[in-house]
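Colleague: Spelled out from the first residue to the last, the chains are:
2 protein chains.
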Amino acid sequence: MAKKTEQITGNMLIAQSGGPTMVINQSLIGAVLEAKKHKNIKGIYGSLHGIQGILKEEFIDLRKESVSNLEAVAQTPSSALGSVRKKPKPEDCVKLFAVMKKYNIRFFFYIGGNDSAETTHIVNEEAKKAKYELRCFHIPKTIDNDLRENDHTPGFASGAKFVAMAFMGDNLDNRALQGVKINVVMGRHAGFLTAAAALARVYPDDGPHLIYLPERVFSMDKFARDVKRVFKKHGRCVVAVSEGISDKDGTPIAALLTAEVEVDSHGNVQLSGSGALGDRLSDYIKNKTQISRVRADTFGYLQRSFPGIASKVDAKEARETGALAVKLAATKDTDGSIAIKRKAGKKYAVTYKRVPLKNVAKETRHMPDSFISKAGNDVTRAFINYAKPLVGELPKIGRFKGVRVKKK
Amino acid sequence: MAKKTEQITGNMLIAQSGGPTMVINQSLIGAVLEAKKHKNIKGIYGSLHGIQGILKEEFIDLRKESVSNLEAVAQTPSSALGSVRKKPKPEDCVKLFAVMKKYNIRFFFYIGGNDSAETTHIVNEEAKKAKYELRCFHIPKTIDNDLRENDHTPGFASGAKFVAMAFMGDNLDNRALQGVKINVVMGRHAGFLTAAAALARVYPDDGPHLIYLPERVFSMDKFARDVKRVFKKHGRCVVAVSEGISDKDGTPIAALLTAEVEVDSHGNVQLSGSGALGDRLSDYIKNKTQISRVRADTFGYLQRSFPGIASKVDAKEARETGALAVKLAATKDTDGSIAIKRKAGKKYAVTYKRVPLKNVAKETRHMPDSFISKAGNDVTRAFINYAKPLVGELPKIGRFKGVRVKKK
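Here the protein sequences come in this chain order: A and B.
Heads up: the first sequence begins at 0 in numbering that gives the first Met the number 0, then just goes up one per residue.
Heads up: the second sequence begins at 0 in numbering that gives the first Met the number 0, then just goes up one per residue.
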C-alpha cells in the first residue's frame, strides 16, 4: 500500500511503452491536461521511446504544445512519444535516477501493459532503495486486455472493434465466395481480442463459426474435425484463431513452425508480424479435407493502430485513467496503477481504483471459464454481454430477405 | 457497337461475380431501383453466385425486398447475391439460354471486373449466335482499378481508402517501435491499390517510404539496398508491396515461393489469402541487413470487405453505374459496359459512357508511367492528384510539435 503523503513539488515525466493502441494517446493527453491543473507539477516532459528516452535524456516539453494540438494527438492512434520494449536492470535504474535528479523529475508516469507495469514497479522499488523521492504511476493500456485487477483495459475495446468489423466484412466475403477462411488475431496468452470476433455475428449463420483461444489446448486434429462439421452444415466456415494458441505442452503452434524465434527483454516470443501460423493452419485443412478453397489472413498490427474507428467508451476511459493517475500522484498517493472496475447493474458504468503496482506487474490474466464454450471452440453469451458495451456501435449489415423464385 | 433498338419486354436477371468490394451492392441496388422505373422490365431476379446460380436456377425475387432493406444491403460490403469465379464454356451457354428462356429473362446484368466482363461478352456473343434476344450489360467493379476504358472503377476508391488508413496507422506504429515494416497489398497486375498507400503520408518523414508495383520488375537486391538507405535516413522504414510483384521473367515473386499454385478458370494464379510473400521479403531483409526488427503484414481480404468506411464518391458512382446500365438496356442499347470518364478541370467530376463489352473484357490496364517514380519505388504527385478526390476525407493525424527539453 502506498502511504498517503504530503504533496511534493517538481517536474513530471511521462512515457509510453510496449505495443501501441488506438487510444494510448488519450491517456497521455488526459495526463498532460490534468497535470496543468496542479501547481506542484512544474515542467511536463515527455520521454521519447519509454525509459530509453530517459537514459538518452531525450525529452520534449509538453507545456509547449497547444491545447488543439494535444487534442489532435489524443485522437491519433499509436504512441505519440514513441515506444520501447525494455526491462530496466538495477544498473539502468541508477542511471535513470541520476538523470531524473538532474531534471528534478518527481512525478513519473508510464503508460503500458503488464511488462510496462513491471518496469514501473522496478523503478518504484529501486527509487525507494535509492531514497530518491518519486511519485511513480503506471497507466494501463493493452489490446490484449490481460492486466490483472481490471475489468478491461484501455485499448482493448478499440482493438476489439477492429476485429469485430474485420470479421463482419470477412464473413460476408466468405459468404460470397465460400470455402474456409482462417483469420489470425493478436493475443499472446489471453483470448479476449480473438473472442471479440464473435461480436461480428448478426444473422444466425454468420461467422466466425469457430473461435480458438490460447486458454484452451489447441489440437490440429480436433480443428480439422470442427471445420469439416461446420463446412458440411453451412457450405463455408470462418475461423478466428488467436496467435497464441498452444499445444498440450504449452508450446505456441506459431513457435513450432520456425527454428529461430525472436525474444524480447521481457522474455516474450515474437508471434505477430508474420503470416506463418495462418498459412500452416490453412495448409493443414487443405490436406486433411476435400475443401479446395482455404484462405488465411493475419490481421497483424492493423488491430492496434487503425485510425478513425476507436471505440468512444475506450477513448473516454483511456483519457480518464491517465488523468486520474496524475491527480492521485499530485495530491495524495506515492505510487500505483489505475484499474477499471465495472459497476454492477444493467447499465454499463465504471469506476476507477488505485491498485498497488505489484498487483498488475508481470503476470497476466486470462479469459475466465465462463466466457469460453464447453467445447472450447467458441465464446459464451456472458462474453458477448461483457464485450458489447465496450465496443459500442458497429456498422449495420443488411441482407436480402431472399424470397426464392419458384423453380420451373 | 450495339445498335439502337426497339424496347423489349421481359424479366431481368442480375448477378455478381469475382472478388467482392465495399460498394458492389451499391451497383446492385442502383440497378434494382432503376429497373422498378421501367414498365418493360417485369420480374427483377437476382441469381445466386453469378452464372452458377443460373445453371442451378437459384434466383431470388428482388421485387419482394422492401426499399429500406435494399438500402441496408447497399450500405453493406461484399456481394449480397454471392459470387463465383467461373468462365462459361460454349456448352454452359446453351444451358444458360435454356434457363433464361424458361424464365423469360431478356435483361441480363453482370457486376464484376475484367473476367466478369469477359463472361458477359461471351454470353452476349453466344446469345446472338443462338438468336436468343437478350439485353446484356456488364457493370464494372474491381478494387484493382484495372478495367480498360475507365478513369477508375467502382470499388477501387474504398479499397484505396482502407489501404491509406491502414498505412496511416501502421506508419505511426512503426514510428513508435521502429524497424522495418513490410505490408503486402492486393493487386495482381495493376499497382493502383498498392500505390494508394502513398495517400497515408501527412508529415515529410511519414511512410510508406518505398512502394513496389507490379508494373516494374522487382529485384530483391535493389529492394534490400532501398530499405537500407531509408533505414539509415529515418531509423525506420515502411514498405508497400503489391502481391503481384514479379521478377525480370515476369514470374510473380509469390509464385516462386510455393511448388503448388492454385489457378482459377480464368487462368489467374492465387496470390491472396496467404502471408508467404511478406514473410519471404521480411526474412530476406533480416538476412541482408543488420536490422533486427523486421515485420510483415498482408492486408488480405479486409481491403475489399471492411465495413463502415466506404468512400462516399465510390458509393455514389457505384450506384450510378448500376442504374445507368439498366436505363440503357431498358430504353435503347442492346449491350455494353458502363465506363467512368473524368471531366477535365480542377473540380472533380465524372461522366458515364456506354462502351462495347469487348473493350473491357479480359485484358487489364496498368498504372501509367506518369504515376510511377523514375526509380520505380514510389508514386508521383500525378498519382496523388488522381487518387485523392476518389478516396475523400481521411482521419486526421496529430503529431507533437516536439520542442526538445535542453539537455543538462
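Among these hints, one or two may not hold up.
Any copy, or any two copies together, can satisfy a pair, since identical chains are not distinguished.
[Unchecked claim] Derived BS3-like pairs: lysine-lysine, alpha-carbon spacing no greater than 30 Å straight-line:
no.	residue 1	residue 2
1	Lys387	Lys311
2	Lys285	Lys311
3	Lys395	Lys311
4	Lys387	Lys232
5	Lys63	Lys285
6	Lys130	Lys340
7	Lys331	Lys86
8	Lys395	Lys315
9	Lys227	Lys130
10	Lys130	Lys311
11	Lys326	Lys285
12	Lys63	Lys406
13	Lys406	Lys130
14	Lys407	Lys86
15	Lys326	Lys38
16	Lys387	Lys407
17	Lys55	Lys86
18	Lys387	Lys373
19	Lys315	Lys85
Worth flagging that the hints you see were computed from the coordinates, not collected in a lab.
Colleague: Tell me, in ascending order, the numbers of any earlier hints that this structure violates.
Modeller: Hints 2, 5, 6, 9, 10, 11, 16 not satisfied by this model.
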